[in-house]
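**Student:** Below, each chain spelled out in residue letters.
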Amino acid sequence: MEISTIITHGLLFIALYAEVFLLLAFLESEAPRKRGRLRLPSVAIVVPCFNEEGTVAATLRSLLALDYPKNKLSIIAVDDGSADGTAQVLGQFAKDQRITVLSKQNGGKHSAMNLALTRTDAEYIGCLDADSFVAPSALKISMRCLIQSEAAAVTPAILVHKPKHFIEFTQQAEYTLSVFIRRAFAGANAVFITPGPFSIFKRDVLLKIGGWKHAHGTEDMEIAMRLQKNRYRIINSPKTQVFTTAPKSIRALYKQRVRWTYGFLMNLWDYRQMVGNRSFGALGTVILPSAVISIGTVLYLASLVVIHLTNRMWSLFIKVDTVGLAYEPAIPALDPFFINTTSAALIAYILIGFALTLIWLGKQLSETRLHPWSVPLYMMVYCWIAPFWLAGALIRAGLRAPAPWR
Amino acid sequence: MQQNNKRYLIAFVIAAAIFGTALAISTTLNNARLEQIRAIQENIATDILSLETQFELLSELSCRDIRENSVLSEELADVSRRVAYTEEKLGAENAEVLRLKRQYTLLQIKDLLLMKKVSQKCGLEPVFILYFYSNEQDCADCERQGYALTALAEEYPQLRIYSFDYHLDLPALTTLLTINDLNGELPALIIGEKPYYGFKSMEELTAIIPEIETLTAASSTEAR
Chain A
7 MEISTIITHG
17 LLFIALYAEV
27 FLLLAFLESE
37 APRKRGRLRL
47 PSVAIVVPCF
57 NEEGTVAATL
67 RSLLALDYPK
77 NKLSIIAVDD
87 GSADGTAQVL
97 GQFAKDQRIT
107 VLSKQNGGKH
117 SAMNLALTRT
127 DAEYIGCLDA
137 DSFVAPSALK
147 ISMRCLIQSE
157 AAAVTPAILV
167 HKPKHFIEFT
177 QQAEYTLSVF
187 IRRAFAGANA
197 VFITPGPFSI
207 FKRDVLLKIG
217 GWKHAHGTED
227 MEIAMRLQKN
237 RYRIINSPKT
247 QVFTTAPKSI
257 RALYKQRVRW
267 TYGFLMNLWD
277 YRQMVGNRSF
287 GALGTVILPS
297 AVISIGTVLY
307 LASLVVIHLT
317 NRMWSLFIKV
327 DTVGLAYEPA
337 IPALDPFFIN
347 TTSAALIAYI
357 LIGFALTLIW
367 LGKQLSETRL
377 HPWSVPLYMM
387 VYCWIAPFWL
397 AGALIRAGLR
407 APAPWR
Chain B
49 MQQNNKRYLI
59 AFVIAAAIFG
69 TALAISTTLN
79 NARLEQIRAI
89 QENIATDILS
99 LETQFELLSE
109 LSCRDIRENS
119 VLSEELADVS
129 RRVAYTEEKL
139 GAENAEVLRL
149 KRQYTLLQIK
159 DLLLMKKVSQ
169 KCGLEPVFIL
179 YFYSNEQDCA
189 DCERQGYALT
199 ALAEEYPQLR
209 IYSFDYHLDL
219 PALTTLLTIN
229 DLNGELPALI
239 IGEKPYYGFK
249 SMEELTAIIP
259 EIETLTAASS
269 TEAR
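Chains A and B supply the protein sequences, listed in that same order. Sequence positions in the first sequence follow this note's numbering and run 7 to 412. Sequence positions in the second sequence follow this note's numbering and run 49 to 272.
These are calculated hints, taken from the structure and not from any lab test. Watch out, some of these pointers could steer you wrong.
[Unchecked claim] Derived, one-sided and incomplete: chain A residues facing chain B with beta-carbon distance under 8 angstroms:
id : residue
1  : 19
2  : 30
3  : 321
4  : 324
5  : 325
6  : 347
7  : 356
[Stated by the list, open to error] Straight-line Cα separation of at most 16 angstroms, EDC-like style, residue types lysine to aspartate or glutamate; simulated pairs:
id : chain 1 : residue 1 : chain 2 : residue 2
8  : B       : 158       : B       : 104
9  : B       : 164       : B       : 252
10 : B       : 242       : B       : 252
11 : B       : 54        : A       : 34
12 : B       : 137       : A       : 34
13 : A       : 78        : A       : 127
C-beta atoms are modelled at their ideal positions from N, C-alpha and C, and glycine is treated no differently.
Let the hints inform the model, and build the full structure from the sequences given.
**Tutor:** Structural data, given as structure tokens:
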């Protein structure tokens with residue numbers, strides 16, 4: 007057996023193991039307890055803004071529409087030195103008693119969050135990126151989960167806001183898959199990202215661990231890793247619907263994903279003592295190692311595809327050069343004999359089947375709808391473009407060259 | 049921690065079971081594929097044997113009947129495609145693939161000999177092209193030569209092209225190489241008993257075979 011075949015099978019086994027592990031973690035995750043009358047605590051939702059004049063008004067309106075006792079909810083919008091019309095937009099909301107508008111010099115998302123942390127005495131603090139919007143029931147559902155579990159933080163289900171472009175539909179399936187993954191990670195007590203859109207934290211825990219830190223453009227991963235390192239539990243509430251503005255072009259998506267992956271790699275390096283560490287449970291032994299291996303797997307398989315396609319193109323070139331375009335290959339008849347049934351291909355089919363099942367589970371969990379083209383687009387488009395952003399992020403991480411926000 | 053250990057183990061057992069099942073299914077399907085090729089080759093062998101027997105027994109058998117019964121080339125071409133695909137997927141060193149390839153090569157040689165006899169008896173003048181290639185790194189132009197011959201066969205289906213892997217370990221093939229006195233340079237073609245070495249384009253091949261324009265009967269096997 008060739009070495010490449012052995013490597014491919016080894017990587018496919020790891021991918022299969024990770025998917026099965028997630029499915030088990032999901033099946034064993036705690037079911038929400040019965041609803042009863044709970045004392046809803048005070049919550050402050052912070053909206054850090056940097057040049058968000060186009061979306062922040064809708065973000066704030068969605069927060070004002072939250073179904074939550076008015077005396078228990080405060081909203082803090084922090085203008086982090088925006089150069090556009092964000093300050094004017096925020097000014098229009100300053101009259102509302104529930105909203106506090108703060109302004110500061112640009113210092114990054116973490117500094118905006120920390121400023122808000124010093125200006126509130128609410129029991130819980132949430133974050134909502136200024137390009138995201140919450141469903142009216144979101145806060146109540148998240149808080150019920152959080153109170154009942156006594157965890158330090160809760161993450162929501164993040165969905166694509168009103169997808170219209172094909173690249174948004176592509177991301178819709180990915181976000182739905184993420185709904186499942188977040189739930190499964192929580193089931194394994196292995197959440198390592200508390201996303202900017204509507205993660206909610208216990209304020210006293212935040213103060214104990216020192217608030218937010220500057221962390222390679224992915225502060226939401228760093229704070230989750232720090233919570234895990236300090237043995238705090240992070241749970242997930244898949245019924246909490248939060249909608250975020252997804253990139254509308256492949257270029258914007260590439261930039262966003264390079265930043266995310268770069269941040270992941272750099273934070274992982276900062277918290278490398280947790281990787282492979284059994285004392286951190288599934289997070290240390292399965293989730294973080296598989297996340298790293300998955301990057302290697304995608305790049306390795308992509309390189310095999312590139313080699314294969316290059317060989318095919320070269321053969322095609324030789325053919326055309328030899329006999330001209332007149333002898334184009336005939337479309338082969340549909341003969342089951344020529345269906346690829348190598349073990350690697352069969353395992354790949356199984357992995358795709360698993361992925362489709364997980365997307366469906368994510369859809370059921372978040373009670374959302376998927377555009378009919380979403381899943382096919384996701385399957386067809388991501389395999390071609392993901393290797394580029396993974397490679398881009400890997401190069402940046404190697405060069406210690408931070409990925410820009412925009 | 050204990051719950052995690054249990055989960056690791058269960059996940060491993062399930063993943064290993066799925067993985068093992070995929071391997072087993074793949075092996076079964078590959079065996080079925082090899083079996084399918086074997087069955088087709090057996091059919092061809094029977095057909096050749098049958099035709100040979102008829103030829104030996106019934107000298108009065110009309111040439112028209114023989115020609116009607118000798119349409120094996122399509123089947124040989126089909127086997128060629130299947131063997132090539134299986135070789136690509138299972139590897140050129142796979143023992144079963146090698147066995148099938150040897151059998152296929154023998155069938156080609158048998159067909160070649162039979163068609164020569166038939167041509168002699170019936171006064172036909174088909175053009176036989178023997179093409180020797182290599183899948184190893186010692187034949188830079190073999191891929192190109194294969195395309196040229198396939199295109200030529202498409203244009204002139206009456207050509208009888210037989211392709212042989214030069215390095216295949218088969219006594220009958222070694223004899224064929226010896227008879228034709230090939231010097232080892234590849235690609236090599238035998239056209240009208242005469243050897244030609246190196247890549248020959250479609251135009252060159254057409255020039256080498258002047259009777260190509262007048263071909264009416266017979267067909268060809270696909271070149272690799």
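**Student:** State for each hint whether it applies.
**Tutor:** Going through the hints against the structure:
{"no.": "1", "hint": "19", "verdict": "holds, 6 angstroms"}
{"no.": "2", "hint": "30", "verdict": "holds, 5 angstroms"}
{"no.": "3", "hint": "321", "verdict": "holds, 7 angstroms"}
{"no.": "4", "hint": "324", "verdict": "holds, 5 angstroms"}
{"no.": "5", "hint": "325", "verdict": "holds, 5 angstroms"}
{"no.": "6", "hint": "347", "verdict": "holds, 4 angstroms"}
{"no.": "7", "hint": "356", "verdict": "holds, 6 angstroms"}
{"no.": "8", "hint": "B/158 with B/104", "verdict": "holds, 15 angstroms"}
{"no.": "9", "hint": "B/164 with B/252", "verdict": "violated, 24 angstroms"}
{"no.": "10", "hint": "B/242 with B/252", "verdict": "holds, 14 angstroms"}
{"no.": "11", "hint": "B/54 with A/34", "verdict": "holds, 12 angstroms"}
{"no.": "12", "hint": "B/137 with A/34", "verdict": "violated, 40 angstroms"}
{"no.": "13", "hint": "A/78 with A/127", "verdict": "holds, 11 angstroms"}
Consistency with the previously given hints fails for numbers 9 and 12, ordered from lowest to highest.
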